[in-house]
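Q: Position chain B against the provided structure of chain A, taking the given hints into account.
There are 2 protein chains.
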Amino acid sequence: MLDEASTSSLKVTTGPLPHSRKVFVSATRPDVRVAMREIALTDPSEPPVKVYDTSGPYTDLDAVIDLTKGLPQLRAQWIRERGDVEEVEARAVRPEDNGLKEGQSSTLPQFDLSGRRPLRAKAGKRPTQMAYARAGIITPEMEYVAARENLAKVNGGAHPHHQAMGLGAAIPAEITPEFVRQEVARGRAIIPNNINHPETEPMAIGRNFLVKINANIGNSAVTSGVAEEVDKLVWATRWGADTVMDLSTGKNIHTIREWIMRNSPVPIGTVPLYQALEKVNGVAEDLTWEIFRDTVIEQAEQGVDYMTVHAGVRLPFVPLTANRVTGIVSRGGSIMAKWCLAHHKESFLYEHFEELCEILAQYDVAFSLGDGLRPGSIADANDAAQFAELETLGQLTEIAWKYDCQVMIEGPGHVPLHLIRENVEKQLKVCHEAPFYTLGPLVTDISPGYDHISSAIGAAMIGWFGTAMLCYVTPKEHLGLPDRDDVKTGVISYKIAAHAADLAKGHPAARIRDDALSRARFSFRWRDQFALSLDPETAERFHDETLPAEGAKVAHFCSMCGPKFCSMKISQELKLEAGDIARAQADNLASSGMAEMAQKFRDGGGLIYTPAPEVAPPPPAAAE
Amino acid sequence: MLDEASTSSLKVTTGPLPHSRKVFVSATRPDVRVAMREIALTDPSEPPVKVYDTSGPYTDLDAVIDLTKGLPQLRAQWIRERGDVEEVEARAVRPEDNGLKEGQSSTLPQFDLSGRRPLRAKAGKRPTQMAYARAGIITPEMEYVAARENLAKVNGGAHPHHQAMGLGAAIPAEITPEFVRQEVARGRAIIPNNINHPETEPMAIGRNFLVKINANIGNSAVTSGVAEEVDKLVWATRWGADTVMDLSTGKNIHTIREWIMRNSPVPIGTVPLYQALEKVNGVAEDLTWEIFRDTVIEQAEQGVDYMTVHAGVRLPFVPLTANRVTGIVSRGGSIMAKWCLAHHKESFLYEHFEELCEILAQYDVAFSLGDGLRPGSIADANDAAQFAELETLGQLTEIAWKYDCQVMIEGPGHVPLHLIRENVEKQLKVCHEAPFYTLGPLVTDISPGYDHISSAIGAAMIGWFGTAMLCYVTPKEHLGLPDRDDVKTGVISYKIAAHAADLAKGHPAARIRDDALSRARFSFRWRDQFALSLDPETAERFHDETLPAEGAKVAHFCSMCGPKFCSMKISQELKLEAGDIARAQADNLASSGMAEMAQKFRDGGGLIYTPAPEVAPPPPAAAE
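Residue numbers (numbering that gives the first Met the number 0), protein chains in the order written: chain A, 0 to 623; chain B, 0 to 623.
Derived from the structure by calculation, the hints contain no laboratory data. Incorrect hints may have been included.
Any copy will do: because identical chains look the same in the list, a pair fits if it lies in one copy or spans two.
[What the hints assert, rightly or not] Below, simulated SDA-like cross-link-like pairs (lysine to any residue); rule was C-alpha separation at most 20 Å, straight line:
| no. | residue 1 | residue 2 |
| --- | --- | --- |
| 1 | K425 | H161 |
| 2 | K425 | M164 |
| 3 | K152 | P29 |
| 4 | K344 | E572 |
Same shape as in the complex, but just chain A:
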């Protein structure tokens, strides 16, 4: 836990993953250097594999990490050189921002913001990636995204799966900056990048890019502290979280968020309604547009990159949830429904939506239009309430786009397998292909403790069908707050889902890592198998639980079958012989020739117990 009086307990995991190092790929613009993770392999004939890297400077041995200073401001120059933003006087932090009473002050250490003032659009300007894209401008952020997504190019060429089914997605063999610009201009992709969060490494969310995943962190009124949340942020990005949502609802959330923002290499999303509700002591009816607006500005000045806004929970839709099994399960949705009913008025978020667009455009905060009426059970999936809200979100998307605001759309939730596709098809249609961002969905309700699995099933499918970003679910879903291990399990589960979707969609770089791992497997390069795994540490640990000896890591068999039954070993021996036979067949050998072939095979050493060929010893594990 964070010592209240100091920052000494603030610690995160740094250093590269095993057998990996940080490399940088150049883009057209010389100051755009794109970070990637390069995985070294033990076989000299196997090129190293470059993979997408969300972990930021924390895995760079050359980087100096000082959490009290925050990350380098990678984008600062890019943001300012466009000339459309200006420094403004920061909104003064008030006690209620941290859930404190008048006169109280936070005992937590404050991030040192001296010399730093928030940026905002100059009058009449809209410094959003969408505005630039529509004006035909390719920003450094777009260049970064293009180089980052171009994994096929840096790994030696496109390698999609045969017969891949994009189902409407159209990912080009080479991702050019111009392609990124077009997708952003069209609203089919977003680059969430608040001008006040220059620490981010730009990334895109859109169905024609790699499928992304989000990890939720955040304290609650019941549990969790500051050091823990910053640690979870870095930990989640270490394993592959593309964005992180800070869903804090307890005290000190302004202060905690500042620490998160300044130390996050990935876009941060929030639900401003949560903090607004804290400011009115949890009484939903007491919320006002003014309090909400003030909270949005507070968070926009801190650098929040995208905000969930439940503006689709309209008064007339609330009765549609009356006969549901699980009512309204979105926190924001239930708060807004309560407000609407208490006042018997239309939602202030809906009524003030255009004003909100004006504000978000000033900072390039992207909308994540919340699905406040998403189903919370299999029984409630794809019902009238859910789809009424979705259609409203489509209308709001059109409005937001008028203001050059970037938009994505949140989706369910709990959906049985056979109803998943309808969600995507409807969303793509009514929301004009704005990126879809779904929570799971869980494909059954009976898996508490394993909801990361039941939701990864739904996530893989919905990702394939066209969802651009998948919000993770941890094993603690429905039961408790995720700890560090749960965060990692959730992230890895969702990397699996996202990657499975990329494979099926035919992403040009999709199969590179799979094939490299499979070749390593077939060649008994255990170290390379571990290194190419999504979680090299767990893979190696599981192997060592059964066969801990160092020799077992170069053995030509494993514990599952032992040497006699190793299909890979037998099959490897067969490989050349099969080639011989194929030729023999082509020569139309008569059956009399077959006995000869058989003899040849025997002479060639057809025994299962042939000595294993020499294998180069693996390099020492990288320091962590």
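A: Using the frame of chain A, we list chain B on its own:
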């Protein structure tokens, strides 16, 4: 580990799952009493939920468990009263059956078989469920299956999901014994029930029944012992394994199998080729039809219910694997490929297939036609080798059916999302709807340590598309041998996949448990949520990690959001009000009336902090 000299270390987990008890449902025939698990709920208005129960007598408080005596012979009378089987002199156990040399004898305790002789068909008879079904006979086994599958009926009526997509499956609202007979006669379902395994509780594998799962256990040359395997057997069925395959490849496999058979309430499958290979000291070329046949008879006399036979790995198909990334990854497939190439002869399994049918029919051992050429990587999915073998399996199915043999077909493996459906469609077509039994499939290769997740994704989909049984994959897949925890994780992951498939297919009982759990969730009946979970123990433990106090189990919020942000709590309060509003809208209240409505809502206690209503205390946890 099992003490070599005694059985004292042989222990398994017994007693019911939390809040559950064993109940018996009657069928038409009075001696057919079908075991189910009844989950008691704390809300008197919620009926208890009866669920399918694979755990056998081990979870029955009234049962006396003595592993040295084995389970009661539930089916003994049914088998004998048909008059078509007779006792035969048991094949003498030979040292090589246990991997021992001539003159050596096993130091392991032997299961006491005194007074027990194996059964075999009388001359000219075929005591298979398929033969009976074709003859129009409804066996007690079919009655048992019908009652067991009829979960809608015992839970108060059909409850399929709306718009379910059976994709060709047609599950009737009521499963009658006659329906079971028809499906078995048609070859679309099997009831694997060796006449020498009377301890089984009959179950069906077929696309018009609940999707089943299999768990693999077994020792290897490298590790694992007897007590461990019996414990894993009982443990796997406790959590829901419908069948268990004993894939032992080390020493003492005859002895270990005897202990497994006699104590297993579920069908046991094996791959006889593994034991046959042990008998020729691991030299594939030395295998002969005679050694294989003898092994099949040895295992059939012990009671093995289904056997994997890789008769589709034909000589001409082996060259088709030459350019694969991972060659042949099936152990049986690689052994047979090696044999074929060494002798340059057609597979002895293929050549002697009809003779094999005659043998299996004598014991009602079901075929599980192995996919020896299944893909072991995403790169190799759906290739020529795989589908050439599949077509052969279709031809072999027709032959086996001529002999009244029950047949299922094994399937892959590693398949990307977009190629899964083709597997099922092709299998259903070329194998004439014989039940499909797939391993996973894994939807990516890069998830070592988490392959239970990447394969559960594929399993859920392939189950929905028409696969009848899903073979589990544990977290140790590709890395090591599963321990007890891995077995449980694998089973639960696959229960999720199978249940998700049942929901999508519209099984008439599919949603009963989901809805009961969701109602419990919405009513804050935490104990009922745990009880209805696939793994009640983990669900409760995860909850208690954050909120350990007993009071938290009846609290109207949880640790995720705390009391202010609990959407369920807010939404629950809204529910009645929404009803009011729906009525108000129906009355076409003018906008002037709205303020009144709002006032009414406020008067009714519209605060979030309303006191939680009294909840009946939960009953004490059931003894375990």
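Q: For each hint, tell me whether it holds in the structure or not.
A: Going down the list of hints, with the structure as the test:
1. K425 to H161: between (28 Å within a copy, 18 Å between copies)
2. K425 to M164: Classified as both: same-chain Cα gap 19 Å, cross-chain 18 Å, threshold 20 Å.
3. K152 to P29: within (18 Å within a copy, 70 Å between copies)
4. K344 to E572: Close across copies (18 Å), not inside one copy (75 Å); limit 20 Å.
When held up to the earlier numbered hints, the structure conflicts with none and fits them all.
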